[in-house]
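Chemist: So the chains spell out like this:
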Amino acid sequence: MLKAAKKKFNMQNLIYLVFIPTFIYLGIFFLYPIYLSIKYSFTNISLTDIGNYTYLGFLNYHNLFTSGTFINSIYTTVIFLVVSAIIGQMFLGIVVAYLLSVTQKYFRLIITSIILVAWATPQVTAGIMWYSTLSYIPSGTVNVFLGYFGIHSINFLSTHLALMSIIIANVWLGLGFSVLIFSSGISGISPSIMKASRIDGANPFTRFFRIVIPLLKKSIITDLLLITLFTLGAFTLVYVMTGGGPVNSTNIMTIYQYRTGFSLFSLGLANAIGVIIIVLALAISILYLISLRGD
Amino acid sequence: MSSVEMKNITKMYDKVTVLKDLNLKIDDQEFFVLLGPSGSGKSTTLNTMAGLDTPTSGNILFDSEDVTYFDPNKRGVAMVFQDYALYPHMNVYKNMAFPLKMKRYKNDYINKKINEVANILGIKELLKRLPRELSGGQAQRVALGRALVRDPKIFLLDEPLSNLDAKIRSQIRNELKLIHNDLKKTFVYVTHDQQEAMYLGDRVGILNDGVIQQVGTPQEVYSHPKNLFVAKFLGEPEINIFELDKNDGGFKIGGVPVDGHNFDKLNKITIGIRPENILLEKKSERDMPLKIVIRAKEFTGSGFIIIASTDEGKEIRIISDQANMDVGDLITAYIDYEHAILFDEQGDSINK
Chain A
1 MLKAAKKKFN MQNLIYLVFI PTFIYLGIFF LYPIYLSIKY SFTNISLTDI GNYTYLGFLN
61 YHNLFTSGTF INSIYTTVIF LVVSAIIGQM FLGIVVAYLL SVTQKYFRLI ITSIILVAWA
121 TPQVTAGIMW YSTLSYIPSG TVNVFLGYFG IHSINFLSTH LALMSIIIAN VWLGLGFSVL
181 IFSSGISGIS PSIMKASRID GANPFTRFFR IVIPLLKKSI ITDLLLITLF TLGAFTLVYV
241 MTGGGPVNST NIMTIYQYRT GFSLFSLGLA NAIGVIIIVL ALAISILYLI SLRGD
Chain B
1001 MSSVEMKNIT KMYDKVTVLK DLNLKIDDQE FFVLLGPSGS GKSTTLNTMA GLDTPTSGNI
1061 LFDSEDVTYF DPNKRGVAMV FQDYALYPHM NVYKNMAFPL KMKRYKNDYI NKKINEVANI
1121 LGIKELLKRL PRELSGGQAQ RVALGRALVR DPKIFLLDEP LSNLDAKIRS QIRNELKLIH
1181 NDLKKTFVYV THDQQEAMYL GDRVGILNDG VIQQVGTPQE VYSHPKNLFV AKFLGEPEIN
1241 IFELDKNDGG FKIGGVPVDG HNFDKLNKIT IGIRPENILL EKKSERDMPL KIVIRAKEFT
1301 GSGFIIIAST DEGKEIRIIS DQANMDVGDL ITAYIDYEHA ILFDEQGDSI NK
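Quick mapping for you: the protein sequence lines, in order, are chains A and B.
Sequential numbering of the first sequence, starting at 1, is according to the working numbering.
Sequential numbering of the second sequence, starting at 1001, is according to the working numbering.
Worth double-checking, as some hints may not be accurate.
To give an idea of the chain A side of the interface with chain B (calculated C-beta under 8 Å), a few residues [as the list claims (entries may be wrong)]: (1) S190; (2) K195; (3) I199; (4) G201; (5) T206.
The list that follows gives simulated cross-link-like pairs (lysine-lysine, DSBU-like), each with its CA atoms no further than 35 Å apart [to be verified]: (6) A:K195 - B:K1074; (7) B:K1094 - B:K1112; (8) B:K1020 - A:K195; (9) B:K1020 - B:K1265; (10) B:K1265 - A:K195; (11) B:K1124 - A:K218; (12) B:K1265 - A:K218.
If you want the ones that stay clear, here's a sample from chain A, every Cβ over 10 Å from chain B, calculated [stated by the list, open to error]: (13) Y32; (14) I34; (15) F58; (16) F107; (17) I154; (18) I193; (19) S197; (20) I211; (21) L215; (22) S263.
Just so you know, these hints were derived from the structure itself, not from any lab.
Where is the CB? At the ideal position from N, CA and C, for every residue including glycine.
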């Protein structure tokens, strides 16, 4: 009997062998780079001389948090995140998904496909497209149209408007993903609950806020978690459209990190920024997951 | 006071006609049951009554007021659904308060009303629970409560008992009947269960393929079905059917001619006989003999269901309170002519 038990134990352990390649892969390509990143963030390593570096302690972090550019970059990132991801993609995503849910099947299919095309567009393509749409000199599509109506051209990529422009472009890019998540969430709500709320006298507005949104809580958290991470890591679209400018007005953290690393060659500092982004993303994710634990 | 009248209602989805020129009059305070197989359009009928759907053509009148294009909440109806349709994120109290809040009643009134209804339904202990913490029977009681607090003119119930297990089903069925007696409101109840329909309904309307087949009291539709569909749909076990061809200018079973006039123009008739109306002893000269072989006996508690086959191999069912025969026995049973129902070739019932 003991022998049989031992055999069973071994068989069960054998299953873990299957995981070994995964763990090796994770270790080499995820954990080790993160370890390196954290390690280098405490050094003065430079891109020009990777072999030589000295440990600086928390100097990189100290420098960052006393630098106006970096604080401004965090501020820009937070605005970008809140307006484009949370308000734009998530909230607009629910609204669009809800509106689509009450329209006809074919109409729904067409609109969903169109929105998803945006999501599937490569970010460089999207960036170039938006740049040519919003460009001031030479006049982009929007300004040409404004010209037809006799309205003066607007510099959408100026210091004041650039952040708004990249927010709109990013909402355009990411909306499809949220719509998809919320559409499946809404189709999971029992039709009789929607019927009951109509009979009970809830108008479309009340129904949206008091029935649909509370019932979509799980989809909302999932969506928030993912689009927050997407948006924190956003780089290509913004880099193509503005390059972080003008005058740092769209200098989100990823762009700041890239420029620190590859224009100033200051890899130690760039890694410190990276670590801050990771910590920020982790903190927000944990926050979301905690709020989900209630159910 | 609320009567419901549906006038020439036609409902189409794309090109599929779900209801065909449906006419129905439901009296004030009546318990009306719409009975039909799935896909017959009974839920669509209820939805158009509720205002969740608008008919393609035709009018709906509540107390002779045309409400065809009224919003559900303007019609003063309450609805109970098969899957209870409780709001999962609200507790029982909030679920019941929701329709009252939508009508902007004061909290004092809402509180009073909910306690009153909770007492009637015996769900007072459940008020703080969430829907997922309720059993099926409790959930349907709460759903009923949510309908009751509103004091609606008309109650619409869409197969409310179908998801419940047998014991609770009959219990809530009884309660529904009592609630209806107490409230004296109009109830429209949709079901595919013929026993439920006959038990609950003051009148039953049988629906098939979007067409009302017959409307009448349970006794009427059971004993005098207008056509074969109604005859077959009601009754458990199913009615026994014999199709007869004309022979020597008349119709015969077991050598005994089927009595009746107006047979001249017919080449074929169908006789329907309920299992309880097949006799083991001859009652009158007009009863028609059947030579049958007993195949099985089922004990039902109050009697037996005898399954037998005729010499033509047709399976028939007999309800009898005695069963002093064995499987394999060859006996003669008699079709009680008095209770036999005759149908013409189209399946419509004809007078004897």
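Chemist: If a hint holds in the structure, say so; if it doesn't, say that too.
Modeler: We went through each hint and held it up to the structure:
This hint holds: S190 of chain A has a C-beta 6 Å from the nearest C-beta of chain B, less than the 8 Å allowed. At about 5 Å, the closest approach between the beta carbon of K195 of chain A and any beta carbon in chain B falls short of 8 Å, and the interface hint on this residue holds. Hint status for I199 of chain A: holds, given a least beta-carbon distance of 5 Å to chain B, under 8 Å. For G201 of chain A, the shortest C-beta to C-beta distance to chain B is roughly 4 Å, which falls under 8 Å, so the interface hint holds.
Proximity of T206 of chain A to chain B holds as hinted, the smallest CB-CB distance being about 7 Å (cut-off 8 Å). Of the supplied pair hints, the one linking K195 of chain A and K1074 of chain B holds, its CA atoms being roughly 14 Å apart against a limit of 35 Å. This hinted pair checks out: K1094 of chain B and K1112 of chain B have alpha carbons roughly 13 Å apart, not beyond 35 Å. Taken as a hint, the K1020 of chain B and K195 of chain A pair is honoured in the structure, with Cα atoms around 24 Å apart against an allowance of 35 Å.
In summary, the hint linking K1020 of chain B to K1265 of chain B is supported, as the alpha carbons are separated by about 30 Å, within the 35 Å threshold. A threshold of 35 Å between alpha carbons decides the hint, and for K1265 of chain B with K195 of chain A the separation of about 52 Å lies outside it, so the pair is violated. Our distance criterion of 35 Å between C-alpha atoms is met by K1124 of chain B and K218 of chain A, whose separation comes to about 30 Å. Proposed proximity of K1265 of chain B and K218 of chain A is contradicted: the alpha carbons are some 69 Å apart, above 35 Å.
Taking the minimum C-beta to C-beta distance to chain B, about 44 Å, the non-interface status of Y32 of chain A holds against the 10 Å cut. A cut-off of 10 Å between C-beta atoms confirms that I34 of chain A is not in contact with chain B; the least separation is 39 Å. For F58 of chain A, the requirement that its beta carbon stay farther than 10 Å from each beta carbon of chain B is met, with the minimum near 46 Å. Non-interface call for F107 of chain A relative to chain B: holds, since the shortest CB-CB distance, roughly 14 Å, exceeds 10 Å.
With a least beta-carbon separation of about 44 Å from chain B, I154 of chain A lies farther than 10 Å from that chain, consistent with its non-interface assignment. Non-interface call for I193 of chain A relative to chain B: violated, since the shortest CB-CB distance, roughly 5 Å, does not exceed 10 Å. Listed as outside the interface, S197 of chain A is inconsistent with that label: its C-beta sits roughly 7 Å from the nearest C-beta of chain B, within the 10 Å cut-off. Under the 10 Å C-beta cut-off, the non-interface status given to I211 of chain A relative to chain B is violated; the minimum distance is some 6 Å.
Chain B draws L215 of chain A into its interface by the beta-carbon criterion, the shortest separation being 6 Å against a cut-off of 10 Å. With a closest Cβ-Cβ approach of about 51 Å to chain B, S263 of chain A is found to remain outside the 10 Å limit, as its non-interface label requires.
Checked against the numbered hints above, the structure breaks hints 10, 12, 18, 19, 20, 21 and satisfies the rest.
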